[in-house]
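K.L.:
Sequence:
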Amino acid sequence: MAAYLNRTLSMVTGNGGNANNSNETSSNLTIAHNSTKYEMTSALTPDARTMHANADKSPLQVFVRAKRKINDIYVEIEEYVHETTQFINALHAEAEIVDKAERELFESYTLKVAGIREVLARDHMKVAFFGRTSNGKSSVINAMLREKILPSGIGHTTNCFCQVEGSDSSEAYLIKEGSDEKLNVTSIKQLANALCQEKLSESSLVRIFWPRERCSLLRDDVVFVDSPGVDVSANLDDWIDNHCLNADVFVLVLNAESTMTRAEKQFFHTVSQKLSKPNIFILNNRWDASANEPEFQESVKSQHTERCVDFLTKELKITNEKEAAERVFFVSAREALQARIEEAKGNSPSLGAIAEGFQIRYFEFQDFERKFEECISKSAVQTKFEKHSSRGKSLSTDMRGMLDNIFERISIFRNVKLDQKNVLTERIQGTETEMMNVTREMKLKIHNMVEEVEQKVSKALNEEIWRLGVLIDEFNMPFHPEPLVLNIYKKELNSHVESGLGSNLRARLSMALAMNVESAQREMTERMHALVPNEKFNEQTKQIVARTQPFEMLYSLNCQNLCADFQEDLEFKFSWGITAMLQRFTGKVKERNRKNPPIWNCQSSVQIASPITPTNETPVCLIPTPVGGITQEQLSMISRLALASVGSQGTVGGLIVAGIMLKTIGWRVLVGVGVLYGCVYMYERLSWTNSAKERAFKAQYVRHATKKLKMIVDLTSANCSHQVQQELSSTFARLCRTVDNATTDMNDELKTLEAQLTVLESNQKQLKLLRNKANYIQNELEIFENNYIKAN
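UniProt numbering applies: residue 1 is where the sequence shown begins, and numbers increase by one.
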């Protein structure tokens, strides 16, 4: 009690007075009351302009700034959650990175943040006024709002819960519980007044929206809740559940002319059971009645204070004695409301019917408001924003943990892709290098094989040409010299020769060549398979190498066209005829001369020495020496006569020759030779049958075909080598194309891996950014708690 008196006196007089100098204080108060009432009142109650100028210094601004800050932080949290959720939804396509459960969890965070933001928008500092009927609860609220908003008067006036809150609208309105209809604020006198016929339930709520610009408390997000008397209803639990659980401060309004009742105590006992250490202020209203009995004023005040402190400390156990004494006030709400109405009109607050000691009671009311503002701001920040801050930190921590897990999974996935890329890059480079080596080796192998085939075919074809007579002798078609039959015979013979030569060549070469070609193809396939060992390559190479039949060499001899110009000579020719003899003789001479040129004997020739010819110069032969007893002139003459006789084919030639031979040899020898000659002629002439003609025809054909076939040996061998080259080159080209396709596929796969790595790296950067944002949000919330929660 002494502490309370000292606090009151020191606030009024400005000197740290105590209970022992109460006379001096009373004297000072009397002087203040009688001499300078107006000046003191003006000092105690700042005008509207000063109040507006000091609005930023009000303790309520802590809550306002804290609410603005926490809202700004949650705007960032909402943007962060939205950005993260979009990123997670994009990653959801990769089932190995983010699954459906994680995506749904991130989406749930969006709903949580939206709910918290909605609660933050409605968060305010709520103060609930309770007390018995007619204790002046509505008057206290009206005095604090500086306007007569709630119905007040003698008796039971407030019939239901009335909540006064700020509105951005310039017009005041009210809304009944369960309705969205905006009613005129004058309706409050009918709806909430217990004296009116239209009555509401005691637990119902009427919300009154008052322009913020008309009240600094409402502007600072303070909400006032007026209640019916605690003695008019037994539904105290419903009241607490419906209207008190989110209250930051409770104000118990007592009637100073009486004492605290059981009903009032029971209500707050119930409140303390449901709320942990509620903030309770006790106003002993109607303290202006103590001016009528000044001799009992201090004792009554001491009595009320002691009971109130005991109630807060010993019964409710929510605070200590020092703090409890600072929560008990003695005021007159009616006087404070009247003074503030006069202030609003520009008049002195002391005008009107006021009792002695008004200044002290008015200052006590202001002191209550100041402590109430400090308490409600601190309480609201802690009870409301601490929970939101903790939820924000928990949310950001959870999201950062999940992002860390996703980042780790992406890192593992990226390392796998990076290893695949390195392996694939090395494989592509190795394939390209080995492909160059294989191509060079295969080209050399094909070249060598082509040359070998050309040599083998040339050798085999030459051998078959030398055996052409045997092949033609095997032709057994009936022969007849008639031209029409003979043409058919030649065509069939041409076909026989072409077929026989082809068969012989195939028998000698085809199988070996086919085996060599298949061996080369297998080697190519194995080398290519070593370059690109995969199932796709195996399937393609099976299609490339697999053939319906083995490789077969085609020998294009074309004897029909090759021997089309063959002209047979089936006329009888005596082998010992003069023409045949001369032909054989001239043919042998020509052959001998071609092999050994003739040497003339110049030993007995006349030498004509020239004066300028050296003695060692080879002599010049001028006169030939006879050879074999026949001079050169005689031999020349005989030749000319023989040729003339043969050429003329007349009797004269024959006689001349016969005469010469008769003169030279003798007629008996000549007759014997003639008889023998005639027998030989007759024998040959009679032997000239179809068989002989066939033999002659075949011999002529052999000579002609041999000559023609020798002309195409190089062409045929080149054609066969070209076939082998074409077969091997086409196979190798297809294999190379397969390897190129496989390399292209590997390059495409490499590009895909690089694109995936780019996306994964981008995802990692985004995850790092999101994790940094989560850290930033946590730091912001830590700063918020340090500035607004822990600082209080």
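No wet-lab data here; the hints were simulated from the structure. None of the values given here were measured: they were computed from a predicted structure. Heads up, some of the hints might be wrong.
Said to hold, decoys possible - In silico SDA-like pairs for lysine to any residue, Cα to Cα no more than 25 Å straight-line: (1) K573 <-> L486; (2) K765 <-> D99; (3) K322 <-> R307; (4) K393 <-> V713; (5) K417 <-> V673.
K.L.:
Evaluate each hint against the coordinates.
P.N.:
Against the structure, the hints:
1. Using a Cα cut-off of 25 Å, the hinted pair K573 and L486 holds, with the two alpha carbons roughly 20 Å apart.
2. A threshold of 25 Å between alpha carbons decides the hint, and for K765 with D99 the separation of about 20 Å falls inside it, so the pair holds.
3. Among the hinted pairs, K322 with R307 is consistent with the structure: their alpha-carbon atoms are about 14 Å apart, no more than 25 Å.
4. Distance hint between K393 and V713 is unfulfilled; the C-alpha atoms sit about 96 Å from each other, more than 25 Å.
5. Restraint check for K417 and V673: not satisfied, since their Cα atoms lie roughly 110 Å apart, outside the 25 Å limit.
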